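Starting from the given sequences, assemble the full structure and let the hints guide the process.
Here the protein sequences come in this chain order: S and E.
For the first sequence, position 352 (counting from the first letter as 1) is numbered 351 according to numbering that gives the first Met the number 0, and the numbering increases by one without interruption.
For the second sequence, position 202 (counting from the first letter as 1) is numbered 201 according to numbering that gives the first Met the number 0, and the numbering increases by one without interruption.
Certain hints may be false.
Chain copies aren't distinguished; within one or between two, either way the pair holds.
In silico EDC-like cross-links for lysine to aspartate or glutamate, where the CA-CA straight-line distance does not exceed 20 Å [claimed, not checked]: (1) Lys22 / Asp299; (2) Lys55 / Glu130; (3) Lys237 / Asp299; (4) Lys22 / Glu130; (5) Lys18 / Glu117; (6) Lys18 / Glu152; (7) Lys18 / Glu130; (8) Lys279 / Asp299; (9) Lys334 / Glu318; (10) Lys334 / Asp183; (11) Lys349 / Glu220.
Since the hints were derived computationally from the structure, they do not count as laboratory data.
These numbers come from a predicted model, not from an experiment.
There are 2 protein chains.
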Amino acid sequence: MPVLDQPGDPAGTCNAPRKASIKDIARLAHVSHSTVSRALSGNRQISAETSERIRKIAEEAGYRASAVARSLVIGRSNTIGVVVTSIADPFVGGVVRGIEDTAEERGYSVFLANSNAEPERELRVARSFEERRVDGIIVTSSRVGAMYVPLMERMHVPVVLLNNQHPSEFAHSVLIDNVQASLDATRHLVRLGHQRIGYLGDRFGHQSDTERFTGYRRAMEEAGLGFAPELVVHGDGKPEGGEQAMARLLALPNRPTAVFCYNDMSALGALGQIRAHGLKVPADLSVVGFDDLYFCRYLDPPLTTVRQPLREMGRMAMETLLHIFDGPHSTYNIKVEGRLIVRQSTASPKQSR
Amino acid sequence: MPVLDQPGDPAGTCNAPRKASIKDIARLAHVSHSTVSRALSGNRQISAETSERIRKIAEEAGYRASAVARSLVIGRSNTIGVVVTSIADPFVGGVVRGIEDTAEERGYSVFLANSNAEPERELRVARSFEERRVDGIIVTSSRVGAMYVPLMERMHVPVVLLNNQHPSEFAHSVLIDNVQASLDATRHLVRLGHQRIGYLGDRFGHQSDTERFTGYRRAMEEAGLGFAPELVVHGDGKPEGGEQAMARLLALPNRPTAVFCYNDMSALGALGQIRAHGLKVPADLSVVGFDDLYFCRYLDPPLTTVRQPLREMGRMAMETLLHIFDGPHSTYNIKVEGRLIVRQSTASPKQSR
DNA sequence: CTGAAAGCGCTTACAG
DNA sequence: CTGAAAGCGCTTACAG
Chain S
0 MPVLDQPGDP AGTCNAPRKA SIKDIARLAH VSHSTVSRAL SGNRQISAET
50 SERIRKIAEE AGYRASAVAR SLVIGRSNTI GVVVTSIADP FVGGVVRGIE
100 DTAEERGYSV FLANSNAEPE RELRVARSFE ERRVDGIIVT SSRVGAMYVP
150 LMERMHVPVV LLNNQHPSEF AHSVLIDNVQ ASLDATRHLV RLGHQRIGYL
200 GDRFGHQSDT ERFTGYRRAM EEAGLGFAPE LVVHGDGKPE GGEQAMARLL
250 ALPNRPTAVF CYNDMSALGA LGQIRAHGLK VPADLSVVGF DDLYFCRYLD
300 PPLTTVRQPL REMGRMAMET LLHIFDGPHS TYNIKVEGRL IVRQSTASPK
350 QSR
Chain E
0 MPVLDQPGDP AGTCNAPRKA SIKDIARLAH VSHSTVSRAL SGNRQISAET
50 SERIRKIAEE AGYRASAVAR SLVIGRSNTI GVVVTSIADP FVGGVVRGIE
100 DTAEERGYSV FLANSNAEPE RELRVARSFE ERRVDGIIVT SSRVGAMYVP
150 LMERMHVPVV LLNNQHPSEF AHSVLIDNVQ ASLDATRHLV RLGHQRIGYL
200 GDRFGHQSDT ERFTGYRRAM EEAGLGFAPE LVVHGDGKPE GGEQAMARLL
250 ALPNRPTAVF CYNDMSALGA LGQIRAHGLK VPADLSVVGF DDLYFCRYLD
300 PPLTTVRQPL REMGRMAMET LLHIFDGPHS TYNIKVEGRL IVRQSTASPK
350 QSR
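Written out as structure tokens, the structure is:
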């Protein structure tokens, strides 16, 4: 087994000796480092035997090419940056899984960063991605998607917005058809006979919230049920906010018989609050969520919700990036269909008399 | 505003023009690129006015230093690699949040990769991290923690194992005191008066499963309840597996009155199965989980479980890495205390006569 | 206080 | 088929 000489560290005292470089392998193989580079990158000009010999030597020496040196030379890093609000959010987790799976298959590494929905941190993250020379960026659920436009113009790096959208030459997007999905969800409640239907939204003004509210309102109006502002409350997209918002709905003198929630996390909190008030779902109140997170079918009662294909959406976002990498790009705005999954949290309202 | 000349792309036709480099700034500022480098890195030798002037020019030119070039020179990348089974797993999400928050504070970027619990993919990921020249690696819930030892010896990069452990000069670990925690959990059930207590484990042989089983068994024996092999079943750490394993317990002629589950995800499936059999929790069966994922307190009934401080554990893993980076390192084996959170899914068994 | 030079570990025209 | 040379964008001794 070939041994590298470690100049300056003869006794191996230094606990982080230099890693083998292409030059070390060249010396070991008695060829130039250019030849090593070619052999290892599968250049077919190098004779098969030389290639094989070099490859074996490199293997035995534990040589691993430096992606950082290569990136510097070729002007691409084969990395992408993913910025999420919080990776602890199960929606985000599903999406990132799809992104990373696809990236890994295609030889890309992914940088992950949480913005915690703080614009200032999101800016820091964007700057760091820029310094890292990522080849592309995927952003989920940003409230400052517009921020990326100048960034992209300077970086000349494509950005895919997931779960929100911004019209721009550089910003691509993957998102669910929120209006249609929430139209479906609300119509489902209407069809069951509900007349007072609440909307439990998100107070942060995400585009997805606006669109889901639009679908809700449209369904109400087309059913001739009008629009009652007191039936619209806002949480924070998390269980805690759902709890509080639901409390406001329950405090109403004439409370709704059904609630459509912005997302499953909000619905989780809403369900807890309903239970705390001694009410039953769906007997007293029907509840619909959005996302179809993994826990929905295990709740009691199992939650009716709109399924978003999270992994698939993540995959699409990454594939969009890949398309843009190897070709002249138009702007991609991919719209995914949601699907209403009816479970036992929705039923016809009790007869009131 | 200074303008860079873009040699070879006069018309700006190329859609990815070269980013400004230190040389461009040097030309604009009429100084050497060494001076630019020093000014921008805050070297105090450069006169304040020159520094300020250069900084302003760089800012206006939209200059962003290349972390990849810097990494090559300084021999550190200021990145870490995180390998997880699946980022869609809520346990993992919590931990990674803690890791990334800490990394970001300290100027480190994080590479994230899913292993999907496939040893072969885990190997690919490790190789890719090696090529990326990450400064450290954090691995959660690996079943092949031992695999990292040769890798680390070659890379000379510290590895922190989270939620599993391997004795080695290079492998550090952060994990909960599983034996104690499951001792607490099982004793809680014993104290409530349960005698037939099941253990719903994980079939993949994670170290954490072995340890939790040990705590369970010890508690059973110290209570003089002995050990009944038919009361031990195995899921897959996910709701589906929990469902199936629970079905086997419920099919027993003399079924248990309480079940301690390996984790909350398994418990979620178990609860669904219990309900499907028309049984009530806790009246017919008490259930205890492990992890205290965010949904536990919103279940019906809210789940008694052992809280693991996920974010905090992630933070500790990253801090361990940071300690090792700047000092001579001993081996860190950090043990965290779990805490039993008693909710309404556990109660005394019904009197059988 | 500033500059010229060397070098980090690769890739890739350009010769031969 | 292989090598010598240049260069990617930085940092940092070494001079002055």
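For each hint, the structure was consulted:
1. Lys22 / Asp299: neither (64 Å within a copy, 64 Å between copies)
2. Lys55 / Glu130: between (36 Å within a copy, 18 Å between copies)
3. Lys237 / Asp299: Both: 19 Å inside a chain and 18 Å across chains, each within 20 Å.
4. Lys22 / Glu130: Classified as between: cross-chain Cα gap 16 Å, same-chain 28 Å, threshold 20 Å.
5. Lys18 / Glu117: neither (39 Å within a copy, 28 Å between copies)
6. Lys18 / Glu152: between (37 Å within a copy, 11 Å between copies)
7. Lys18 / Glu130: between (24 Å within a copy, 11 Å between copies)
8. Lys279 / Asp299: both (10 Å within a copy, 11 Å between copies)
9. Lys334 / Glu318: within (14 Å within a copy, 41 Å between copies)
10. Lys334 / Asp183: within (16 Å within a copy, 50 Å between copies)
11. Lys349 / Glu220: neither (23 Å within a copy, 52 Å between copies)
Consistency note: the structure conflicts with the earlier hints numbered 1, 5 and 11.
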